[in-house]
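For chain A, the structure is supplied; the task is to place chain B on it using the hints.
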Amino acid sequence: MVAAARHLAGLLAAFAVLVGLDMAGAAMARALRVPVPGTVVGLLVLFGGLLVLGRVPGPLEKVAALLFDHLNLLYIPAAVGVMAYGALVRRDAWPIAVALLASGVVGLLVAGWTFQLVDRRFGRGHDAP
Amino acid sequence: MIRVAWLALTLALYLGSRKAQQLARGSPLLNPVLFAAAAIVVVIALTGRGIAEYRDAGTPLLWLLGPATVALAVPLHRSMRAMRAALLPALVALIVGSAATVASAVAIGHLMGASLDTQRALAAKSVTTPIAMAITAQIGGVPALAAVFVMITGSLGAVFGTVIFDRARIRDPRARGLAMGIVAHGMGTARSFQVDVTTGTFSGIAMTVNGVLTALVLPAIWLLSR
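Chains A and B are the protein sequences, given in the same order.
Residue numbers for the first sequence follow the working numbering, so the first one is 1 and each next one is one higher.
Residue numbers for the second sequence follow the working numbering, so the first one is 1 and each next one is one higher.
Calculated from the structure, these hints are not laboratory results.
The reader is advised that the hints may include incorrect statements.
[What the hints assert, rightly or not] To spell it out: a stretch of chain B is covered by chain A in this simulated footprint if at least three of its residues, at any positions, have a beta carbon under 8 angstroms from a beta carbon of chain A; those stretches are:
id: 1; region: 40–48
id: 2; region: 60–71
[Stated by the list, open to error] Below 25 angstroms or equal to it, Euclidean Cα-Cα: the simulated SDA-like pairs (lysine to any residue) are:
id: 3; chain 1: A; residue 1: K62; chain 2: B; residue 2: L64
id: 4; chain 1: A; residue 1: K62; chain 2: B; residue 2: L11
id: 5; chain 1: A; residue 1: K62; chain 2: B; residue 2: A82
id: 6; chain 1: A; residue 1: K62; chain 2: B; residue 2: Q21
id: 7; chain 1: A; residue 1: K62; chain 2: B; residue 2: L15
id: 8; chain 1: B; residue 1: K19; chain 2: A; residue 2: H70
id: 9; chain 1: A; residue 1: K62; chain 2: A; residue 2: Y85
id: 10; chain 1: B; residue 1: K19; chain 2: B; residue 2: A190
id: 11; chain 1: A; residue 1: K62; chain 2: B; residue 2: L61
id: 12; chain 1: A; residue 1: K62; chain 2: B; residue 2: A190
C-beta: ideal position from N, C-alpha, C; glycine also.
Isolated chain A, as found in the complex:
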């Protein structure tokens, strides 16, 4: 019973840290006038904290895994929201289709080739087939 309560308190504290850093990140980005999303500033602060700590606390690991597992649920309102932009999507349907397809292929090829090229020149190689 006590262990369960302590476990729950740990999860809530980890979640509170994430919410607090999200808000603090937004405030910092505004105060410093840097063109970086506030939530990413919060991410970097947490990353710095983890580097100093040298490990990820268990409750934080669990809350993060829970959020990532259900990210799809959080996207649904955004996807529904696109309905309001139906006219824009219809107007730009061709550029959107071509840009998404072509830039995807370009990215896959350029990234894959670049890695192999740099690795062959300077890398330590790898033993996988």
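Quick look at chain B alone, frame taken from chain A:
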């Protein structure tokens, strides 16, 4: 009360489509988000209740994206350790590959006469969804549009990635994973883990590092180029 009903419907559709995707062995063709969203759009249209009411009901879910994005620091921390083994090729491929994707997407959109809102959403579309939405908001675009572009890109990459790599003689599993993570983020990573662990790990690394680097660099470049 109506807010609770909309949230309950969203949750039910999410769980249902998640189950369906699991039954389809995680096929990237069956995107639970797009499926659930399409069903909700139909319900909105049939009941004639309007999109504003649903948007209002969905705010708690959108709000949760903030803490979820901050939590990406956890996989980023893990990535840094794993990346040390191939730091130079991974970093160079990340920067060059990411720049190539963003530049080609925006250039094509621009040349084909897409509106500025579309171009802004295209710029962020290869990054993992929560960061893509934050970047799009930062440069004055429509986050919802970016979210849908991200999901379409992810599905395309997950479906066609392996074929493209084979044709282009990209055989190193680390190179394949890295490219997949840069272009197709979460969906590419899920697909890569089905292939093998090395590919999946590198895809996950590329996805997080690419997301953070893009968030740091892209808004500044966008503002300067105005």
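| query | Between K62 of chain A and L15 of chain B, does the CA-CA distance stay at or below 25 angstroms? | reply | OK: K62 of chain A and L15 of chain B at ~20 angstroms, within 25 angstroms.
| request: Starting from K19 of chain B, check that the Cα of A190 of chain B is at most 25 angstroms away, please. | output: Answer holds: K19 of chain B to A190 of chain B is near 16 angstroms, not above 25 angstroms.
| 25 angstroms limit on alpha-carbon distance, applied to hinted pair K62 of chain A and A190 of chain B | At roughly 19 angstroms apart (the allowed maximum being 25 angstroms), A190 of chain B and K62 of chain A satisfy the hint.
| query | Within 25 angstroms, alpha carbon to alpha carbon, are K62 of chain A and L61 of chain B? | reply | holds (19 angstroms)
| query | With a Cβ-Cβ cutoff of 8 angstroms, does the region 40–48 of chain B contain at least three residues near chain A? | reply | That given contact holds, which follows from 3 residues of the region 40–48 of chain B lying within Cβ reach (below 8 angstroms) of chain A.
| query | With a Cβ-Cβ cutoff of 8 angstroms, does the region 60–71 of chain B contain at least three residues near chain A? | reply | n = 10 at 8 angstroms, threshold three: holds.
| For the pair supplied as a hint, K62 of chain A and Y85 of chain A, is the alpha-carbon distance within the 25 angstroms limit? | The hint is violated at about 37 angstroms.
| task | Sort out whether A82 of chain B lies within 25 angstroms of K62 of chain A, counting only the CA atoms. | result | Since the Cα atoms of K62 of chain A and A82 of chain B sit roughly 20 angstroms apart, the hinted pair holds (cutoff 25 angstroms).
| message | K62 of chain A and L11 of chain B were given as a pair; does the straight-line alpha-carbon distance stay at or below 25 angstroms? | response | holds (21 angstroms)
| query | Quick one, are K62 of chain A and Q21 of chain B close enough, alpha carbons at most 25 angstroms? | reply | It holds: about 24 angstroms lies between the C-alpha atoms, which stays within 25 angstroms.
| 25 angstroms limit on alpha-carbon distance, applied to hinted pair K62 of chain A and L64 of chain B | OK: K62 of chain A and L64 of chain B at ~16 angstroms, within 25 angstroms.
| message | Would the hint linking K19 of chain B and H70 of chain A be met if the CA-CA limit is 25 angstroms? | response | holds (13 angstroms)
This entry does not satisfy hint 9, going by the numbered hints stated previously; all others are met.
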